[in-house]
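Q: Listed below are the residues making up each chain.
Number of protein chains: 2
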Amino acid sequence: MDLNEIIIGYGKLAREASHKLATTLTKEKNRALLLMSKKLKENKEIIKKENEKDIENGKKDNLSDAMLDRLLLNDNRIEDMANGIEKIASLIDPVGEIITGWNTENGLNIKKIKVPIGVIGMIYESRPNVTADAAALALKSGNSIILRGGKEAIHSNKIIASLLKDALKETTIPEDAINLIQTTEREAVKIMTRLEEYIDVIIPRGGSGLIKAVTEHATVPVIFHDKGLCHVYVDCDADLKMANDICMNAKTQRPGVCNAMETLLINGKIADKFLPIIAENLKKDGVELRVCSRCKEILPNEKDATELDWETEYLDLILSIKIVDNIDSAVEHINKYGSKHSEAIISNNYENTTKFLNSVDASTVYVNASTRFTDGGEFGFGAEIGISTNKLHARGPFALNELTTYKYIVLGNGQIR
Amino acid sequence: MDLNEIIIGYGKLAREASHKLATTLTKEKNRALLLMSKKLKENKEIIKKENEKDIENGKKDNLSDAMLDRLLLNDNRIEDMANGIEKIASLIDPVGEIITGWNTENGLNIKKIKVPIGVIGMIYESRPNVTADAAALALKSGNSIILRGGKEAIHSNKIIASLLKDALKETTIPEDAINLIQTTEREAVKIMTRLEEYIDVIIPRGGSGLIKAVTEHATVPVIFHDKGLCHVYVDCDADLKMANDICMNAKTQRPGVCNAMETLLINGKIADKFLPIIAENLKKDGVELRVCSRCKEILPNEKDATELDWETEYLDLILSIKIVDNIDSAVEHINKYGSKHSEAIISNNYENTTKFLNSVDASTVYVNASTRFTDGGEFGFGAEIGISTNKLHARGPFALNELTTYKYIVLGNGQIR
Chain D
308 MDLNEIIIGY
318 GKLAREASHK
328 LATTLTKEKN
338 RALLLMSKKL
348 KENKEIIKKE
358 NEKDIENGKK
368 DNLSDAMLDR
378 LLLNDNRIED
388 MANGIEKIAS
398 LIDPVGEIIT
408 GWNTENGLNI
418 KKIKVPIGVI
428 GMIYESRPNV
438 TADAAALALK
448 SGNSIILRGG
458 KEAIHSNKII
468 ASLLKDALKE
478 TTIPEDAINL
488 IQTTEREAVK
498 IMTRLEEYID
508 VIIPRGGSGL
518 IKAVTEHATV
528 PVIFHDKGLC
538 HVYVDCDADL
548 KMANDICMNA
558 KTQRPGVCNA
568 METLLINGKI
578 ADKFLPIIAE
588 NLKKDGVELR
598 VCSRCKEILP
608 NEKDATELDW
618 ETEYLDLILS
628 IKIVDNIDSA
638 VEHINKYGSK
648 HSEAIISNNY
658 ENTTKFLNSV
668 DASTVYVNAS
678 TRFTDGGEFG
688 FGAEIGISTN
698 KLHARGPFAL
708 NELTTYKYIV
718 LGNGQIR
Chain Z
308 MDLNEIIIGY
318 GKLAREASHK
328 LATTLTKEKN
338 RALLLMSKKL
348 KENKEIIKKE
358 NEKDIENGKK
368 DNLSDAMLDR
378 LLLNDNRIED
388 MANGIEKIAS
398 LIDPVGEIIT
408 GWNTENGLNI
418 KKIKVPIGVI
428 GMIYESRPNV
438 TADAAALALK
448 SGNSIILRGG
458 KEAIHSNKII
468 ASLLKDALKE
478 TTIPEDAINL
488 IQTTEREAVK
498 IMTRLEEYID
508 VIIPRGGSGL
518 IKAVTEHATV
528 PVIFHDKGLC
538 HVYVDCDADL
548 KMANDICMNA
558 KTQRPGVCNA
568 METLLINGKI
578 ADKFLPIIAE
588 NLKKDGVELR
598 VCSRCKEILP
608 NEKDATELDW
618 ETEYLDLILS
628 IKIVDNIDSA
638 VEHINKYGSK
648 HSEAIISNNY
658 ENTTKFLNSV
668 DASTVYVNAS
678 TRFTDGGEFG
688 FGAEIGISTN
698 KLHARGPFAL
708 NELTTYKYIV
718 LGNGQIR
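Those protein sequence lines, which keep their order, are chains D and Z. Count the first sequence with the numbering used here and you get residues 308 to 724, in order. Count the second sequence with the numbering used here and you get residues 308 to 724, in order.
Since the hints were derived computationally from the structure, they do not count as laboratory data. Just to be clear, a hint being listed does not mean it is correct.
A pair counts as met if it fits within one copy or between any two copies, since identical chains are not told apart.
What the hints assert, rightly or not - Listed below are the simulated DSBU-like cross-link pairs for lysine-lysine, each with C-alpha atoms no more than 35 Å apart in a straight line:
1) K519 with K319
2) K458 with K497
3) K662 with K419
4) K534 with K497
5) K327 with K590
6) K419 with K576
7) K360 with K610
8) K356 with K319
9) K355 with K465
10) K610 with K319
11) K334 with K418
12) K334 with K419
13) K576 with K421
14) K418 with K548
15) K421 with K394
16) K519 with K418
17) K534 with K421
18) K327 with K603
19) K458 with K394
Chain D on its own, in the form it takes in the complex (with noise of 0.2 Å):
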């Protein structure tokens, strides 16, 4: 069998399965969970054994400490990627839930409710908890899904795909809900996203490599997560402690995720009292700053920052700052520069935050608080598969709710016509 066949063969078993979760009992679909996060629990030696031999590979294969950490499952972990599972038990199930609902003027009762999308394409790389998370998401919002890992995590992957579908056995829900494809040839990916008679949609979770090489030639629609260039601007009538202590959380906190800040605006207005005290925190932190020559002036010292660096997500405590005129200047900025994920304002200036928030164009946009929060646990979801940097379907963090799609049902009494 080739590996079209091979793939076409998955696809015909999720979306069969499909059909069948998409009618299936919370209850039932809980129980599944629960039962899933119980092997992995049950079995962590087994895991451990099997994410060793990645282990190795990646020795071999000279991936970096970073990677390498990335790779590992330790007991910790396999107890914190089964409790994950828990967790999102303990959500609310979205589907069958009504969005909207009226009655025409001919008697037709026209109800819009959320249903499962139908079967999921998953393709990441790397950490091989991601296996489980979005098994567990996509099976309680009622998908089936179609895994794709990485190379350097296939044994893992394997181990935890198939102690989830062992789970499955012991419910009503077919196995084939769960699909890990075997082989790690890269082909397997550009089939994975032509497919679009078996595969609803097809979420890359990974580097800018991996979003091109599914974009370029998919068929299928696609929901990824592309960059996250924030930035956070600090107007004339901030409060400048409160603006000091959210640029520092949203640079240094955690400057490798796509919710940091990478470029500080600041009105010229109060330049001269804030950009000392926040360069001067940043730096004591270990941020490397590119300033504009306006900033040059009263940071003589530092680094210029080019045309590159207002287009850099530096994922790094590297931080580039530019002085700007006033709001609109703030926001032609954002709107030229930014990645549309989150973009904040630090302002008591009533005209000027509501002029922010409408024109700036952002998944997610802030008055007075850190970019950090653009996050499915932090905005109360509970778990998220992704952050989408998408404008269709689902933007910003995407969670349980995002995982499903609408359908109208129409109930009438011999309307016609």
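Please build the complex by placing chain Z on the supplied structure of chain D, with the hints as guidance.
A: Below, chain Z without anything else, positioned relative to chain D:
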């Protein structure tokens, strides 16, 4: 300037205009729409003159009479087109609507609100009225639009777009909110579908050739209408008079549209009684029947249905008919062959109707009503840009609401993580 640069040029202008449009007052957008309508009504002669060129070229190119009729603009049709714009002015503006909102434990106030998508790329064939319809819907929902009409209607499209842009000159809305690609080169479509930076969604409206050309290479998300292979299932507990009326309506009232019935499923228990009657009525109205082997016992003179018939959207006075044992077989057939568009059950049985509504995977599922109601106008949406057979973002009737996305607005008072 090469074609690529030309299209990118449109993209940049449209993107810039979209930022302005996003915060334009509803009042001003409505004023613009009424001016657009007025321009069309005042310039009927010039529109007809340009349209004549398309008609002449169409005749030279041996377009069918049906195609030529679709191309034709006369006084009435121009009046209708203009009135359509006025209708859109009267609809509720979706922008700014709060979808949901809540406070988090740490006091952040989060609101999820509807915002324009940004820049719409519309790729369509023949009917020049789409130029006006699509531009008006995009503008009302705060979006810029880049229009790419068919070669056969280029003169009509150019004059319509130019008049609409003229109307915008009398408003505060930048005229770059509406753009028509002036060239008819095919390559332009491919360039548009890969312009993620400047186009947020591509909406193709046309035959399957166009859909395929668009989805094949697109990196921009695409929302399209594929096919409408709709079923009516007449259950054992159906009111047979109602079933007859609905089937006749779903098949014959307008057989060439996507929400017409293509396959009739009949429960075996009532087939003896129902099939002869409905077959006679259908044939009286000129419908050709293609029947399953069980139907054949009742209707020995009808043509055999083949596997291909169950997969075919006839869009014509042809109907395939199958007898099924029960609701489960009906659902199975529909989920296998249906195009997830519109599906109806005719029944007075609570268990069967419930099962049908829950188990059939389609944008719209009906009890005791004709599939012909899947339509933005019939749903009360006022106007529609099309019907989506996609599952993500827009499913079913695709109107003003679906031309918006959302953003999260987060109000804090100094929150950090």
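Q: Against each hint, give a clear statement of whether it holds in the structure.
A: Verification of the supplied hints:
1. With identical chains, the CA atoms of K519 and K319 are at most 35 Å apart both within one copy (26 Å) and between copies (23 Å).
2. For the homomeric pair K458 and K497, the shortest alpha-carbon distances inside one copy (15 Å) and between copies (33 Å) are both at most 35 Å.
3. Taking the shortest alpha-carbon separations for K662 and K419, both the intra-copy value of 33 Å and the inter-copy value of 17 Å come in at or below 35 Å.
4. Proximity of K534 and K497 under a CA criterion of 35 Å is satisfied in both settings, with 22 Å inside one chain copy and 25 Å between copies.
5. Proximity of K327 to K590 under the C-alpha cut-off of 35 Å is found in neither arrangement, the shortest distances being 57 Å within a copy and 38 Å between copies.
6. For a Cα distance limit of 35 Å, the shortest separation of K419 from K576 across copies, 32 Å, qualifies, whereas the shortest one inside one copy, 50 Å, does not.
7. In this assembly of identical chains, the alpha carbons of K360 and K610 never lie at most 35 Å apart, being 45 Å within a copy and 62 Å across copies at closest.
8. Only within a single protomer do K356 and K319 lie at most 35 Å apart by alpha-carbon distance; the minimum there is 32 Å, versus 54 Å between protomers.
9. In the homo-oligomer, the alpha carbons of K355 and K465 lie at most 35 Å apart inside one protomer (12 Å), although the nearest pairing across protomers, at 66 Å, exceeds that limit.
10. Taking CA atoms no more than 35 Å apart as the test, K610 paired with K319 passes between copies only; the shortest distance there is 31 Å, against 57 Å inside one copy.
11. In this assembly of identical chains, K334 and K418 lie within 35 Å of each other by CA distance both inside one copy and across copies; the values are 24 Å within and 31 Å between.
12. Taking CA atoms no more than 35 Å apart as the test, K334 paired with K419 passes in both settings, with 23 Å inside one copy and 29 Å between copies.
13. In this assembly of identical chains, the alpha carbons of K576 and K421 lie at most 35 Å apart only when taken from different copies (34 Å versus 49 Å within one copy).
14. Within a single copy, K418 and K548 get their C-alpha atoms only as close as 50 Å, which misses the 35 Å cut-off; across copies the closest is 26 Å, which meets it.
15. In the homo-oligomer, the alpha carbons of K421 and K394 lie at most 35 Å apart both inside one protomer (21 Å) and across protomers (30 Å), since each shortest distance falls under that limit.
16. In this homomeric assembly, K519 and K418 come within 35 Å of each other (Cα to Cα) only across copies, at 32 Å, whereas the closest approach inside a single copy is 38 Å.
17. In this homomeric assembly, K534 and K421 come within 35 Å of each other (Cα to Cα) both inside a single copy, at 29 Å, and across copies, at 23 Å.
18. Taking identical chains as interchangeable, the C-alpha atoms of K327 and K603 lie at most 35 Å apart only when they sit on different chains, with a minimum of 32 Å there against 64 Å within one chain.
19. Proximity of K458 to K394 under the C-alpha cut-off of 35 Å is restricted to the intra-copy arrangement: shortest distance 28 Å within a copy versus 56 Å between copies.
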